[in-house]
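Asker: In order, the protein sequence lines correspond to chains A and B. Going by the numbering used here, the letters in the first sequence line up with residues 398 to 707, in that order. Going by the numbering used here, the letters in the second sequence line up with residues 398 to 707, in that order.
Please keep in mind that the hints were generated in silico from the structure rather than gathered at the bench. A hint or two may mislead.
Since copy identity is lost for identical chains, a pair holds within one copy or between any two.
No more than 20 Å apart at the CA atoms, straight line, and that leaves these computed lysine to any residue pairs for SDA-like [what the hints assert, rightly or not]:
#1 Lys660 with Cys407
#2 Lys544 with Arg431
#3 Lys662 with His426
#4 Lys476 with Arg628
#5 Lys660 with Arg410
#6 Lys662 with Met418
#7 Lys660 with Ser584
2 protein chains.
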Amino acid sequence: MRTYPDCVPCGIRHALESVRMITDDERIHEGVLRETLRRACSMDLRQSPPATAQIIHRFIREVTNVKDPYLAVKDRYNKFALEIYPDLKQKIESSANPLETAVRLAVAGNIIDFGVNSVVEQGDVEQTITRSLTEPLDMGAFAAFEKAIEAATDILYLGDNAGEIVFDRMLIEQLPPEKVTFVVKGSPILNDALMEDARMVGMTDVVEVVDNGSDAPGTILESCSDEFRRRFDRADLIVAKGQGNFETLDDVDKNVFFMLRPKCKVLAEHLGCEIGELILRQSAAGTCRLGAKVERFKNFQDGTGKAVKQ
Amino acid sequence: MRTYPDCVPCGIRHALESVRMITDDERIHEGVLRETLRRACSMDLRQSPPATAQIIHRFIREVTNVKDPYLAVKDRYNKFALEIYPDLKQKIESSANPLETAVRLAVAGNIIDFGVNSVVEQGDVEQTITRSLTEPLDMGAFAAFEKAIEAATDILYLGDNAGEIVFDRMLIEQLPPEKVTFVVKGSPILNDALMEDARMVGMTDVVEVVDNGSDAPGTILESCSDEFRRRFDRADLIVAKGQGNFETLDDVDKNVFFMLRPKCKVLAEHLGCEIGELILRQSAAGTCRLGAKVERFKNFQDGTGKAVKQ
């Protein structure tokens with residue numbers, strides 16, 4: 398997804414909020430503000446918002462000399478999610494369609510995101526979880542997801558945030574473990590899950606976990622390791638969690654199921670939905686492979702080129 | 398008031414919203430975005446937010462070739478305020494303290510401001526008016542204002558927005574007309590009142606009206622005409638309406654009564670109040686002249702240098 402003009406002031410605000418989490422030094426705040434403006438001046442709006450965020454957050458880590466500013470936050474959300482894990486696991490197992498319930502909860506878990514709104518309260522998470530069990534979900538996309546899981550031999554599950562990773566584990570526990578590889582980021586970026594989070598929440602006991610070698614808040618393939626890119630090419634199904642992964646992979650030529658709750662107006666408009674909706678959406682390329690070539694052709698005809706709502 | 402870091406992303410967002418009101422051409426939106434970023438890169442944060450806004454809105458008018466983008470909006474709000482004028486006038490005249498009621502309404506009228514939030518609904522205005530009659534008002538400041546009106550010989554009332562100017566008229570009708578001069582902006586800036594608005598709402602029939610020769614959304618004295626500056630120097634009491642006038646005059650060495658509803662977190666924090674509160678506040682210089690030298694000295698001692706809440 399390209400960077401929309403509204404992403405620019407939002408990104409600047411977010412850079413300020415991020416640096417304030419690390420230091421009270423107003424000279425550093427101003428330094429980060431000026432560097433963000435300098436970068437924004439010459440930015441290529443055809444790039445995705447995470448491409449700029451990656452550069453800004455590198456600068457913030459460098460100028461504050463704090464390697465992993467969200468370490469304590471990640472730890473707190475992992476612990477919180479682990480506490481509620483047994484109850485939610487029970488909800489999944491006793492539900493009429495455990496895979497559907499697990500998908501709902503995995504999408505709900507995407508509320509734990511400091512990439513867009515910097516403040517997430519535990520109460521919000523609990524409310525979101527409860528609501529997600531009954532909220533509308535695109536059941537056409539879910540049926541396609543079920544089929545795709547069955548047909549796939551090599552599923553790459555791109556994680557998003559710490560805390561949320563526990564919700565990913567619950568969904569992955571409903572999938573054939575031998576098919577799935579879970580992906581974490583290569584090094585700290587915001588509250589995105591790293592290998593230590595995967596270990597902490599027991600993901601490494603469930604499936605293979607690899608890191609993508611990148612510090613982008615999404616999956617910018619050019620920024621990932623060669624090894625990860627080969628892994629990505631080989632996979633026949635991608636599950637991509639969160640706004641950052643959507644923004645960086647929405648036009649990739651792979652069969653991708655995006656799971657997220659859009660957290661800003663720009664993305665909600667791009668997706669044609671409301672902020673906070675449960676989104677399960679297949680990539681245009683995936684829809685096409687599954688026989689919806691006519692739909693895709695129609696999209697190109699009307700110039701949107703976007704995935705069709707199932 | 399200096400420009401706080403948070404004013405920068407807010408200003409950029411606002412520039413985008415403003416240009417979108419004028420044209421749907423996305424190339425122009427991007428042009429305004431880039432110009433705003435370029436200006437922001439080199440901005441002096443010691444200057445007030447209206448100083449940057451003045452430059453950006455000049456650029457917007459130039460690039461869109463629309464001299465007065467808010468003309469229709471101003472017209473609509475003048476008409477709306479004139480419609481409710483007789484009722485409100487009646488409320489003032491029948492109230493226990495007409496001057497207090499008129500001050501409350503004049504502050505309430507400051508909700509009609511497109512400088513911070515671009516969308517103001519008529520319903521919001523009506524609700525605000527009703528609430529303003531019973532909301533807390535700093536009665537110490539009001540008592541000082543009453544005394545200052547009595548003592549003054551030359552009152553300069555700095556207007557803010559169209560629509561709001563009808564509320565200013567209601568307050569001015571409670572003051573000795575021979576003492577008061579009302580001030581409008583010299584040329585179009587946002588929805589700020591101009592001479593034609595003063596004529597349209599009958600302000601010119603009540604008191605002398607002059608323009609300040611400037612297109613800043615506030616009162617940046619260096620940007621005003623020599624004639625206006627002389628007028629400003631001569632006045633022994635200033636009434637300054639709205640956020641822009643506060644931001645540009647809060648440290649001026651004059652006896653100023655600021656009347657506004659702060660519309661953003663930054664200003665509310667600067668003032669030590671909540672967003673949307675009715676604010677009537679005397680300048681530090683004014684407080685000092687009226688014998689509160691000790692208070693002011695205390696302010697300088699604790700390093701705030703701000704006006705004391707009465």
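Asker: For each hint, tell me whether it holds in the structure or not.
Answerer: To see whether the hints hold, each was checked on the structure:
no., hint, verdict
1, Lys660 with Cys407, "both (12 Å within a copy, 19 Å between copies)"
2, Lys544 with Arg431, "neither (49 Å within a copy, 46 Å between copies)"
3, Lys662 with His426, "between (26 Å within a copy, 17 Å between copies)"
4, Lys476 with Arg628, "neither (30 Å within a copy, 66 Å between copies)"
5, Lys660 with Arg410, "both (15 Å within a copy, 17 Å between copies)"
6, Lys662 with Met418, "between (24 Å within a copy, 18 Å between copies)"
7, Lys660 with Ser584, "neither (24 Å within a copy, 40 Å between copies)"
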